[in-house]
Amino acid sequence: MSSDQSRPGDGADDAAPDREPDARFTLANERTFLAWNRTALAFVVAGLAIVQLLPPFPGLPWGRHLLAVPLIAFGAVLAVGSFVEWGRNQRALRRGEPLPRSPLPRALAVMIAVVGVVAVLLVLLSLALE
Amino acid sequence: MTGRRGDAPDADADPEDIDLALFRERTELAWHRTGIAFAALGGAMIKTTPSIGLIILAISVLIFVLGHTSRSLLLITIAVTAVSLVALVLAFFNGDPPFPPL
Numbered sequence: 001m002s003s004d005q006s007r008p009g010d011g012a013d014d015a016a017p018d019r020e021p022d023a024r025f026t027l028a029n030e031r032t033f034l035a036w037n038r039t040a041l042a043f044v045v046a047g048l049a050i051v052q053l054l055p056p057f058p059g060l061p062w063g064r065h066l067l068a069v070p071l072i073a074f075g076a077v078l079a080v081g082s083f084v085e086w087g088r089n090q091r092a093l094r095r096g097e098p099l100p101r102s103p104l105p106r107a108l109a110v111m112i113a114v115v116g117v118v119a120v121l122l123v124l125l126s127l128a129l130e
Numbered sequence: 001m002t003g004r005r006g007d008a009p010d011a012d013a014d015p016e017d018i019d020l021a022l023f024r025e026r027t028e029l030a031w032h033r034t035g036i037a038f039a040a041l042g043g044a045m046i047k048t049t050p051s052i053g054l055i056i057l058a059i060s061v062l063i064f065v066l067g068h069t070s071r072s073l074l075l076i077t078i079a080v081t082a083v084s085l086v087a088l089v090l091a092f093f094n095g096d097p098p099f100p101p102l
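First to last, the protein sequences are chains R and D.
1 is the number of the first residue of the first sequence in the numbering used here; add one for each residue after it.
1 is the number of the first residue of the second sequence in the numbering used here; add one for each residue after it.
Honestly, the hints are just simulated from the structure, not real lab data.
Among chain D residues calculated to face chain R with C-beta under 7 Å, some are:
1) T77
2) T81
3) V83
Counterexamples of contact, computed for chain D against chain R with all Cβ distances above 10 Å:
4) I46
5) P50
6) L62
7) F64
8) V65
From chain R, some residues computed to sit far from chain D (all C-beta separations above 12 Å):
9) R19
10) A92
11) R95
12) L99
13) P100
14) V117
15) A119
16) L121
17) L127
Here the structure is a predicted model, which is why all the values come from computation and not from measurement.
Glycine included, each C-beta is placed from N, C-alpha and C at the ideal position.
Bound conformation, chain R alone:
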């Protein structure tokens, strides 16, 4: 990465469509990718902890798997999705275009909310069955 790189957005009307983006933006994009992957790992760890460490819900032998499997699968989705997002962002930076909107934050929020609601329901159901 040389020091005379153009900044995305500086020359939107330039003839060259693809230019090496500012190193700071490239590094920020890379950090965002890594942060998403750490989030993905946290989902995997949470899912594994639920299956391996949590005692079974009374009367609901499938309860832990109902919570853990979506969490772990979502971890894989986040890992792949963050790589796709990184590529899209990098392409937009090279072309000096506005950054595309990422669906990942919304998916993350929905996933956490759904898993939270399911966990509450499982706890209440197991209390009722106890």
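With the hints as your guide, set chain D onto chain R.
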């Protein structure tokens, strides 16, 4: 730190905006945090499944090295996806079966 300041920096500018080395350092730290996250997962899994835990620990070492050299983002993606798939298999076969036989 060996970062070179940019030419004629604005007096009011945030130092991080004018020193590329700080951006690089933050990115390296992000790689280290990712490696630590892998190491923590590997260390936790060593107790239950030592072979997979050791593999994940090896991946964490690889990530530490990658953070200083090639920075292959695809490799990280593959590693996290593979760990997720292994975790899915473990969730189904290593804990109590989700659906006990009738």
